[in-house]
Amino acid sequence: MSAFLVTVARELRIAARNKASLLMPPLFFAIVVTLFALGGKPGDPQLAAVAPSVLWVGALLAALLTLDRLFRGDLDDGWLEQVFIAPASPVGMVLGKFAAHWLLTGLPLLLLAAPLALQLGFPSGAPLGWLLLGLLMGTPLLSIVGGFAAALTVSLPRAGLLLPVLVLPLLAPVVIFGSGAARAAQAGLDASGPIYFLAFLLVLSLTLLPWAATAALRSAFD
Amino acid sequence: MGEMFKMGGYEVYVWGSVLLGVAVYAWNLVAPSLQRRAVLARLAEGDEESSGDAS
Amino acid sequence: MWTWFHRLASPPSFYRFADRVAPWLAVAALLLLGYGLFAGLWIAPKDYQQGDAFRIIYVHVPAAALSLSLYTGMAIAGVVALIWRIKLAECAIVALAPIGASFTALALVTGMLWGKPMWGAYWVWDARLTSELVLLFLYLGVIGLDQAFLDRRAAARACALLAIVGAVNVPIVKYSVEWWNSLHQASTILKFGKPTITAEMAIPLYASLLGAYLLAGMAALRRMQNEVLLRERRAGWVRELTAV
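Chains as they are written, first to last, in this note's numbering: chain A, 1 to 222; chain B, 1001 to 1055; chain C, 2001 to 2244.
Hints were generated in silico from the structure; no laboratory data involved.
Misleading hints may appear alongside valid ones.
Output of the computed footprint for chain C on chain A, the stretches with three or more beta carbons under 8 Å from beta carbons of chain C [unchecked claim]:
1) 7-17
2) 161-172
3) 202-209
Treat the numbers as computed from the prediction; the structure is a model and nothing was measured.
Ideal placement from N, C-alpha and C gives every residue a C-beta, glycine not left out.
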């Protein structure tokens, strides 16, 4: 547990030193969604129909931006190696990295999603609540699954293009069920089914992927 | 016989699928051998390099 | 049994074993596939609902079955490679990915060619089709990851982890027809006890299935041999083999 807290605190400290880069994912998210709105006809009701998938894909791409650097710096400055030599469990460290990534990228995207949804003409009230609930469970998944892929490619000098290719298919179910819940709520249907599925995926990846990511990071040293 | 090839009007879909299937089967039959040739060529190169290091 | 298994797991004896078995697999696969296609296309009667279009089944079903089986095999090889560090299992992961990708692509394209006359559209965003497409991307991800590493062992370990994590998709593909209201028809052959098609239709299908599995097995053995050669290039037996 302490390795977890120490890692989160360290990540937040590093992020506080470089405030401008913190703003990049939310800014990117807002620009992507705005471009979609600009590309369509003004006041087109169809925009509201595609709003769930636009928001989900926008959040996914914004989260991808920062994944490439998730473990790279720690590998270069030797911190990662220290963690693996230290007696504390490296899984706690990996979980801390994931949690910090969600706090620094996922949470701002989640907060930004509500105004952007309304901007796209997505109905406020209950449907918006379902959309945000889906994102609340989906954005940690972006951090966990994306973090796993980042761990797989940490020792590759040019993983920039490979990383999205690995992450996007793994996250396809998340996007399908997340935007599926929002669309169901939009149509006035019960949206709890896809939300339960997202919760299942979240629990599953939270129990498996930190260990898989730890194994991937460890093999970067052998 | 001609009627067989028409496949009740579905000839494009049926024969298209069969053609693609045969192509994939053939690829799986041949591709490993092509890969073998590439591997052997690479090994031959590698051996030259290592002998060059030794000399 | 175990001693035999252990001897087989050593690279040189595996190499010789594969050399002996692969040609027979190829011959058997070609005979079965040839019979399956011939009988399926000419001898089997028309389907009363789908007419001659149902004959796509003789290409589509073996490809779809292999796309799932090969991924499952890859994930199992991944588990074996990570836990017991068996070199041959590492080779198997890398060897199975391109074969699986080719059959997944075939299943998708023949499915599209079947869907057009039956559903009126090449593609619908349906659970079965979407998850099969994700399966193709997962195969391509494994191939891409493998190519990105220079060190073969590191490549195999990364691919093993990715294959295992991606295996979540396999039950989704398999049961998507039952879990969601899918346009895709349910399985016709794998209901034991009461098959829903006649023997004249079923036997060529079984032959094609078996033939496709044997063909994939042959390709897997050959590709594993290639991977073994690459990894063991410093070993004496490989030098002897390639010196000729």
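Right, here's what the structure says about each hint:
no., hint, verdict
1, 7-17, "violated (count 0)"
2, 161-172, "holds (count 7)"
3, 202-209, "holds (count 3)"
In the structure shown, a violation is registered for the earlier hint numbered 1 alone.
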